[in-house]
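Visitor: Sequence:
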Amino acid sequence: MVNKRILIVDDVITAGTAIRESFDMLKKINAIPVGVSIALDRAEKRSLDDPVSAVQAVARDLEIPVISIVSLPQLQSFLRKSHDYEDEVLVSVSDYRKQYGV
Numbered sequence: 291m292v293n294k295r296i297l298i299v300d301d302v303i304t305a306g307t308a309i310r311e312s313f314d315m316l317k318k319i320n321a322i323p324v325g326v327s328i329a330l331d332r333a334e335k336r337s338l339d340d341p342v343s344a345v346q347a348v349a350r351d352l353e354i355p356v357i358s359i360v361s362l363p364q365l366q367s368f369l370r371k372s373h374d375y376e377d378e379v380l381v382s383v384s385d386y387r388k389q390y391g392v
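The opening position of the sequence shown corresponds to residue 291 in my numbering, with each subsequent residue numbered one higher.
For the record, the hints were derived by calculation from the structure and aren't laboratory data.
Any given hint might turn out to be false.
Unchecked claim - Estimated spans, in silico, between C-beta atoms of each pair:
#, residue 1, residue 2, range
1, V379, I319, 40 to 46 Å
2, E376, T304, 25 to 31 Å
3, E376, R310, 22 to 28 Å
4, S312, P341, 22 to 28 Å
5, I319, D340, 24 to 30 Å
6, H373, V324, 38 to 44 Å
7, R370, A321, 38 to 44 Å
8, Q366, T307, 21 to 27 Å
9, D301, D340, 17 to 23 Å
10, D340, R370, 28 to 34 Å
11, I359, K318, 25 to 31 Å
What the hints assert, rightly or not - With a straight-line Cα cutoff of 25 Å, these simulated PhoX-like cross-link-like pairs (lysine-lysine) come out:
#, residue 1, residue 2
12, K294, K318
13, K335, K388
14, K371, K388
15, K294, K317
The beta carbon of each residue, even a glycine, is placed where N, CA and C say it ideally should be.
Please model the entire structure based on the sequences and the hints provided.
Guide: Right, here's the structure in full:
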């Protein structure tokens with residue numbers, strides 16, 4: 291892995307701990323982490339002390355791009371337009387965003 295460019299892939303970021311650990315492990319073997327791709331950006335606050343999202347904090351702290359396939363606002367938009375899900379699903383997602391989102 292020496293000098294290999296590596297893209298870190300994960301499903302979601304909560305606090306960014308797993309991504310930071312992966313980043314550190316890759317650096318220890320002289321690999322080059324070039325970015326992070328996640329399936330869903332929940333746009334969740336990392337902590338009360340750091341009001342940016344976990345995605346924003348990882349990008350800032352590790353100085354690499356973090357790209358999501360879908361964001362929570364996109365999911366909400368999809369649920370508003372979709373007739374395949376009960377209204378409670380959108381309400382639940384919206385409540386989650388109000389409580390934990392940036």
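Visitor: Between I319 and D340, does the C-beta distance stay in 24 to 30 Å?
Guide: Since I319 and D340 have Cβ atoms about 29 Å apart, the given range 24 to 30 Å holds.
Visitor: Compare the distance between the alpha carbons of K294 and K318 with 25 Å, and conclude whether the hinted pair is satisfied.
Guide: holds (12 Å)
Visitor: Is the straight-line distance between the alpha-carbon of K371 and that of K388 25 Å or less?
Guide: Distance ~20 Å between K371 and K388 Cα, so the pair holds.
Visitor: Starting from K335, check that the Cα of K388 is at most 25 Å away, please.
Guide: holds (11 Å)
Visitor: So does Q366 sit 21 to 27 Å from T307, Cβ to Cβ?
Guide: At 26 Å between Cβs, range holds.
Visitor: Does the alpha-carbon distance linking K294 and K317 stay inside the 25 Å limit?
Guide: Holds - the C-alpha atoms of K317 and K294 are around 10 Å apart, at most 25 Å.
Visitor: Is the hinted range of 25 to 31 Å satisfied by the C-beta distance from E376 to T304?
Guide: holds (26 Å)
Visitor: Should the hint that V379 and I319 are 40 to 46 Å apart at their CB atoms be regarded as holding?
Guide: holds (42 Å)
Visitor: Indicate whether the distance between the beta carbons of R370 and A321 respects the range 38 to 44 Å.
Guide: Once the Cβ atoms are compared, 41 Å apart, the range 38 to 44 Å for A321 and R370 holds.
Visitor: Using the Cβ atoms, figure out if S312 sits within 22 to 28 Å of P341.
Guide: With a Cβ separation near 25 Å, S312 and P341 satisfy 22 to 28 Å, so the hint holds.
Visitor: Taking the Cβ atom of D301 and the Cβ atom of D340, is their distance within the range 17 to 23 Å?
Guide: holds (22 Å)
Visitor: Taking the beta carbons of H373 and V324, is their distance inside 38 to 44 Å?
Guide: holds (40 Å)
In this structure, the one hint that does not hold is number 3.
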